[in-house]
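Put the complex together from the two separate chains, hints included.
Chains as they are written, first to last, in UniProt numbering: chain A, 1 to 214; chain B, 1 to 839.
In short, the hints are calculated from the structure, not lab data.
Keep in mind that the hints are not guaranteed to be accurate.
[Unchecked claim] Derived EDC-like pairs (lysine to aspartate or glutamate); straight-line CA-CA distance at most 20 Å:
#	chain 1	residue 1	chain 2	residue 2
1	B	762	A	47
2	B	268	A	111
3	B	806	A	111
4	B	802	A	114
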Amino acid sequence: MGAREDEYDYLFKVVLIGDSGVGKSNLLSRFTRNEFNLESKSTIGVEFATRSIEVDGKTIKAQIWDTAGQERYRAITSAYYRGAVGALLVYDIAKHLTYENVERWLRELRDHADQNIVIMLVGNKSDLRHLRSVPTDEAKLFAERNGLSFIETSALDSTNVETAFQNILTEIYRIVSQKQIRDPPEGDVIRPSNVEPIDVKPTVTADVRKQCCQ
Amino acid sequence: MRATIEFEECLKDSPRFRQFISKEEADIEHLEQKLEKIIKLCNVAVDSGKEYVKNQSAFAMSLWDLQQHFLDNKNAHNALGKLIHCFQEMNKFHTILLDQASRTVLKNLNVFVKDDINQVKDYKGHFLKVSEGYDNALIKNAQASKNRPQEVQEAANILSASKSCFQHTALDYVNYITLVQARKVPSILSTLLDYYQACVTYYHQGFDLCNDFDEFFKNISEDLNALRGDYQQLEKVMQNRHMSVNRYCDSNTNSSSHNVEGYLFKKKSKGFKTWCRRWFYLSDNQLVYSDLDSHSRKRSNEDSFSVMEEDLRICTVRPVNEGDRRFCFEVISPTKSHTLQADSADMLSLWISALQHSIGAAIQHASTHHSRPQSTNAPNALPAKRRIHWEEFLKIPGNAQCCDCRGSNPRWASINLGITLCIECSGVHRSLGVHYSKVRSLTLDAWETENVKVMMELGNEVVNRIYEARIPEDCELRKPTEQCEIGVREAWIKAKYVERRFVCGMPKPQDLMASETAEVLSIESGEAADDGGVEAGRSIGGGVTGKRATLSLGGTRKWTVKKLRRRRQQRPLTKTFSDDPSIYNTAKTGDELDDDDDESINIPSMSLSISRDDLLVIGDDLALDRYETPGILGSDQESTEGESDTEMPEEIPFTQLDANLLLYKAAAVHNLPVMCMAFALGASKHWKNAEDRQRSFLHQAVLSGSVMACEYLLLNGAAIDAVDEMGYSALHISTAKGHIAQVYLLLKHKAAYDLASSDGKKALDIAVEQKNADIVTLLRLTRLNDEIGLNDEYNGEDETYKDVMKDFSNFAASQPRMLRQRNDSNTLESQRSSLTNSD
Chain A
1 MGAREDEYDY LFKVVLIGDS GVGKSNLLSR FTRNEFNLES KSTIGVEFAT RSIEVDGKTI
61 KAQIWDTAGQ ERYRAITSAY YRGAVGALLV YDIAKHLTYE NVERWLRELR DHADQNIVIM
121 LVGNKSDLRH LRSVPTDEAK LFAERNGLSF IETSALDSTN VETAFQNILT EIYRIVSQKQ
181 IRDPPEGDVI RPSNVEPIDV KPTVTADVRK QCCQ
Chain B
1 MRATIEFEEC LKDSPRFRQF ISKEEADIEH LEQKLEKIIK LCNVAVDSGK EYVKNQSAFA
61 MSLWDLQQHF LDNKNAHNAL GKLIHCFQEM NKFHTILLDQ ASRTVLKNLN VFVKDDINQV
121 KDYKGHFLKV SEGYDNALIK NAQASKNRPQ EVQEAANILS ASKSCFQHTA LDYVNYITLV
181 QARKVPSILS TLLDYYQACV TYYHQGFDLC NDFDEFFKNI SEDLNALRGD YQQLEKVMQN
241 RHMSVNRYCD SNTNSSSHNV EGYLFKKKSK GFKTWCRRWF YLSDNQLVYS DLDSHSRKRS
301 NEDSFSVMEE DLRICTVRPV NEGDRRFCFE VISPTKSHTL QADSADMLSL WISALQHSIG
361 AAIQHASTHH SRPQSTNAPN ALPAKRRIHW EEFLKIPGNA QCCDCRGSNP RWASINLGIT
421 LCIECSGVHR SLGVHYSKVR SLTLDAWETE NVKVMMELGN EVVNRIYEAR IPEDCELRKP
481 TEQCEIGVRE AWIKAKYVER RFVCGMPKPQ DLMASETAEV LSIESGEAAD DGGVEAGRSI
541 GGGVTGKRAT LSLGGTRKWT VKKLRRRRQQ RPLTKTFSDD PSIYNTAKTG DELDDDDDES
601 INIPSMSLSI SRDDLLVIGD DLALDRYETP GILGSDQEST EGESDTEMPE EIPFTQLDAN
661 LLLYKAAAVH NLPVMCMAFA LGASKHWKNA EDRQRSFLHQ AVLSGSVMAC EYLLLNGAAI
721 DAVDEMGYSA LHISTAKGHI AQVYLLLKHK AAYDLASSDG KKALDIAVEQ KNADIVTLLR
781 LTRLNDEIGL NDEYNGEDET YKDVMKDFSN FAASQPRMLR QRNDSNTLES QRSSLTNSD
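Next up, chain B with everything else stripped away, as it sits in the complex (with noise of 0.2 Å):
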């Protein structure tokens, strides 16, 4: 305990009270100076500590990130996470800890030294101003003269105040000097304690924490060795690295596997003939080259993969000995022969056994068993907009089994009518002719978009609909099957397609007007009921359906065919069932058109006009209900995305029901099924609408902008270059329209692109009038190509020109809104005085 001054010294204002007081003062300034630096030192402790914690956490962070990249490693990742939490808990220790120390050393010490010891300075001025005080009435007082007895009565009692309250102040002081001098220490300390506490509690919780962590990281120290040891192994695996050089050489050699693939050198078929080196492999019967060279990669926008020849069931493999290169072996198809280079002698006869080898193995792979699983290819899978799987097509309903035996796998198809068929079946098909059914491999042949999307939306089923709407009770015909004489299935086919013996017939306009109900262009006929895949895809197909193809026709007085609709592709994650062409089904539009992309589909006034009572909608009762949908086709594709459907559908009295017009307003709404219906109705191929500016069918498919029910039109034999009243054909109306699909379609079947209308104008006029590069581009080059097969002696098509309409049918296929963007910046005004203003 340090001395205190007595209570007498300070009455009695010694000179050793002052002294006292000013050595305390000195002393507490002393304690003030060094409790401030201590503060501060304390703050950037903490704020450093802080600045630390924040650096550990971001460290911590960026370990996450680390961990991300283990994801496939499950032990580091498990490892990793441990350490990271280990990590975050001590960070969260610390901070605890920096929290305790500026809680406690800087709180309390800033307390004592704003409180306490503020509080003796701030004391300090007023004693010194009350000892001013006294010591001025001292003088006062001494000063006060004799001869004035009043003014000495008032400065001794001015004197006597000022003693009073001089005495009171200084012990006050006094009082203050000694409680801050006894406070300092305990004060002190026991901050410093506290701190001392927080600090132990710190290493303690590591402590426990790494306790209980100690186990698992002994592990992972283990499994460290383990990998030590691993590595040490890889390590001298590796070593031996150059010994796979020799090894490679002989098993390439050596090898007697048939699955080769490598790089080649591959002579251009055109322009400079030069030689590029590219990656080959078979994959599906099929041999496939990288369209990266081996070298740059300045391609790699494009797709990647290209199919050299399609089918080696067609092709064969021989040694080139001519030339002046070595190891060159051809491949040779019916139309082409590639050139290819190997990089050796070993590596030639590798690869002509492989091809050989691939090329039996299809063989046989084909006539034994068919199925395949598609997963197999896939991830070399080609771009499937070039490779179609024929098997997608059996997904489309009722395809699975043959149109007309009911066979099961058929392989075969006829095109124009959008059916699968049997082998057996398909040769019937064959002897019809072309103009009644155009055959096609599923397997074998080559498929063109158009035909793809044709047969996406026909399908046995639909098919059958129609064709087979009605079977008598009484037919002499057997139903041919799966093993049935060759003499049932042409009866039945030629009986089915060519008389058209089982097409529910038109009715004629004034039963419809006098019957109370009729069977409208229905399916819906008892015979039909015999027929299990029918009856089951009705059922399925929803009960509205039904219930509309039978409707009251009391107050029917009108048709209407709809536009048919395709969904959009909408999950492009799942990569084959999103997009569905089911014919759409007004019944359930409403609800499931939400969903859809706006622009493409908005029809909430068809529902409405649907669901009158006096409006038969053709074409409804062969809506199929959603089915699984291969995909072959995103809806990105169809050409007539992004057309309006605000328009309500023309509605026409029953009077002027026949098939011509069916098929008329059928193709203008691109609805295939109903279309199909009206041929099966006897619509006539060279029909033109007196009524409607002497339109064909196939200008009302070009108007509606639809390519797939322009070529179900030239499949059927629609007249390609018939002209209207203008004496506009139907390539000067796609031109017009600036539908580039279409031109390109028309001009592959050949539609005469000189034909000037009536004012004159051939289609390349109007192209240049609408200023569209595109299609004045396929217009001249068509016309070169054919000055050229003209002086060409074996008149076979150019193959830069095959190739630049190649381009144009993928361009066009698959970014047709690209296409119409690039035009419709080109066109706005001469659209505008378009000669197309019908619709």
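One chain only, chain A, in its complex shape (with noise of 0.2 Å):
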């Protein structure tokens, strides 16, 4: 495969993850398509989408996954959080319950994905400001007291949504960059092009050369 006009020096996996119908998919959709659907039907199993943004003059491709807030249409909990570095939080501000479950997501979150993942809370539906249920001040000390992050967002009107993800993919991008700068890359796997071959003997000493196979 030659060089392709998406290429990328990072691919991060970021999840949503929330309850049903506090807008997951619309905010993805205004993320990647900038489009917003008001009768958006139920996401089942995951949807994905991704898209590109510049940090530091690198280019990040997020792969978001859209997981489905509905229990029922849930696939297997480990596929969700498999390999992802970010998770959205997100709840409806104009309804506190959803709101409430956010512990149980951040359960889940403890019990299936990386420690390390990097959350960020995201109270949606910003633009109901007539219907707000869930003070701004309350979810962001909530959020400072679990070390996440916070943003208040309107799929709708596009508020903050360009932001949110943004600042989550820096975050992430800071992460992975210096660990890197302390750490430098090596490949974890090996990719038959940049192998050397190894010797398989009983008893090999240091600084053996590879094979990729017999």
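Here you go:
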């Protein structure tokens, strides 16, 4: 495969989680396609979308997993969190119950995701000012206490959607790139193209040469 | 003897008499009070004694529990047992004593008070009444007027009667009083004496008891002294405990042991590439680590061990110097590289040399001797579903010898044929090409669950019954032997699998109709008798089967194939041999089915239909008797479990008997041996059933719900994307049926997921309609992975994708029932409108 127009330096998997109906799918479509659909259906299983952004001159491709909020439409849990480096935990500022359930979602993250996963608490539907039932300060305080970043968005009028994704991806980028400075990248998966042959001998000493297969 | 009163006084009713009476009354009253007090206190004593005994017995019971704790220490167990026995005996004695107390003191005194004293009291009332009557009579007599002689007479009469009555009563009363007074001393004293005797008995019994146990407890106290000595010694040893820290360090670094285990930091290969500390060990040519990290136990509910490298022989180890961290080393296999970090330079070199040593040992081991008792890795054994011990394959009938040359110790397998092979024959199989035989190593390759399932259903014996059914007497080919030349093998194997020369041909329908007895797809041919293994297997296989194979065909007009049946694992405690994937022989189903899971098998009508003379059940003669089966896979994993068996097998007229239809029908009932036979008979891989909506074998297998039937067809080159007249592919159908494991399998075999049916539906559309979250996720994820693959210059699969797919496969394999339940709730209404309404 030759060079493609969508080359990237980093690929990050980010999951969107939160109760059913808080607007995860619309956040995603607003971010990746700049679309909004008032009558969107329940997500079944998972939906994917990608978008690349620039941070520090590097291209970061976000692979966003929009998961089903409704329990009966969710696939096996481990599928969602494997390899995810970021999570947007979304609630609806006009529905207090969705905010109360944030704790539950945090527990699920703790149980299934990488312990270093970057989590952002997102209060969506900020356009519904007159119906607000979760005060901004309360959510902000909660986020601080749990070490989450926090933002309020509106997928409907686009407020902060871009910023939310930008922020979480930048934060992930900072962590990952710092790690890589301290710890130069090594191929975890050795590809056939750049592999030297190995000697398979009973007693090999240091600095063996590698081979890909017999 | 106390003073009594003269009867005269009493007849006179003198003041002395009255005085006497009242004195005695007071005395008795006093006695009664004292006795009542005694009774009350004795009651209290007995009650509290009973309470004491109850608690004492509870205490002894609690010692029983303690004794259970010492099950592993015979001495302690014994001593405790004796002590408990002793305490319980004592308790018993105490109970007896209390019983005696209540019998003697309480009962006797009560009787004395109730009967004797109360009698006196009762009589006192009577006496007073009579005395009053006498007084009245005296008064009336005195008042009687002289002028009324009749009245005087009457009063005198009454007076005389009253007087007489009074005198008798007074005498009686005196009698009672006197008797009570006389009896009280002996009564009370004898009662107390009885109680004293009971006490004596109690202590005596106790003494005897202790005497009996004396010897034993003396021994125990001697033992105790010895134990105390041991303890002091141990204490001394323990005082030196901190020394072991230094010694441990020394021994760690100096140790030449190659059985290294311990904590290493492992670098994650994805996500943040963080380091986590895991317990690693080398076991059985594998590098294994515990999924628990050193601190948290949050994953304890999952399988606790993962295999990092399944075969160290293809790995190499080297220290890593680049990077920030010290003491790192790499384990490199052809496809992967893992970075690990030891705690110190010494540990680093220890790990590296241990790994290198075990790589060396594994290579040598493999070439010298193979067999190793499986029990050696029992304590650290991995969950069976991940780790399949290759030796289990050899337990399938016939598999202990090479399928072609009968050489011993086959170490290779053909996964599409379902047989084991020696290395020489496996080489010939390879040269046939993968469309004939897909060769895998039993020992080196990682095995997929579904491949194992296929192997389990077939095996050398079954396959040779088909592929070596009819070896002509005048066969110009020599049968290969363990030592034969390569040319002999080549010629034989080619003739056997490519030309299929020894397969018993498909009988012509007209022959069947005409002849009275015919050889119907039967292995009951003279040539087969040459083969010792097959013959032996057959005779074990049961006479019934043999008879059925050559059944009189006079009335046979129809044929059928019946469902392949696995037994459910019934005794989870007996680890290995409890499930039986043997092919069900209907002749014996009747009685054997009873103990099966009720929903899984219930074929009362089956045996009925089989016993008919005009019906030939194809594949019955391939049925093996029950054999001890390796416990590689529990039948729980069988994807068809829980399907309904109530429908009768379809019967087809003999005029329509051909290999393709046979395969088609066998696929529908996931009967692998018959499917194998149909392939041997030349079933075409691209055939579709024009009579049945242009469906392919694979459609049938998918509809049957069986994962292994699908896998078998796919391994043998069935067209994965074949569509029926509605344009539905196997993937469409498995999606509509909600069979996650099959969808997974089809996707793994690269089924086209974007195929649209004639009404324009893709598999994903169906999954969304059905609201099956797992299948939607599988399909979308596969598409996503393909998109990444296109963009990825290495064109490799995404690690995350592989992991997630693995989760699905594990989940589908280990909990098919759960998956089904999950989806049943989702898809009830949609299933009704589903496109699969055939069966």
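Status of each hint after checking the structure:
1. 762(B) - 47(A): holds, 16 Å
2. 268(B) - 111(A): holds, 17 Å
3. 806(B) - 111(A): Within the cut-off at roughly 19 Å; holds.
4. 802(B) - 114(A): Given that 20 Å is the threshold and the Cα spacing comes to 17 Å, the pair holds.
Of the numbered hints stated above, none is contradicted by the structure.
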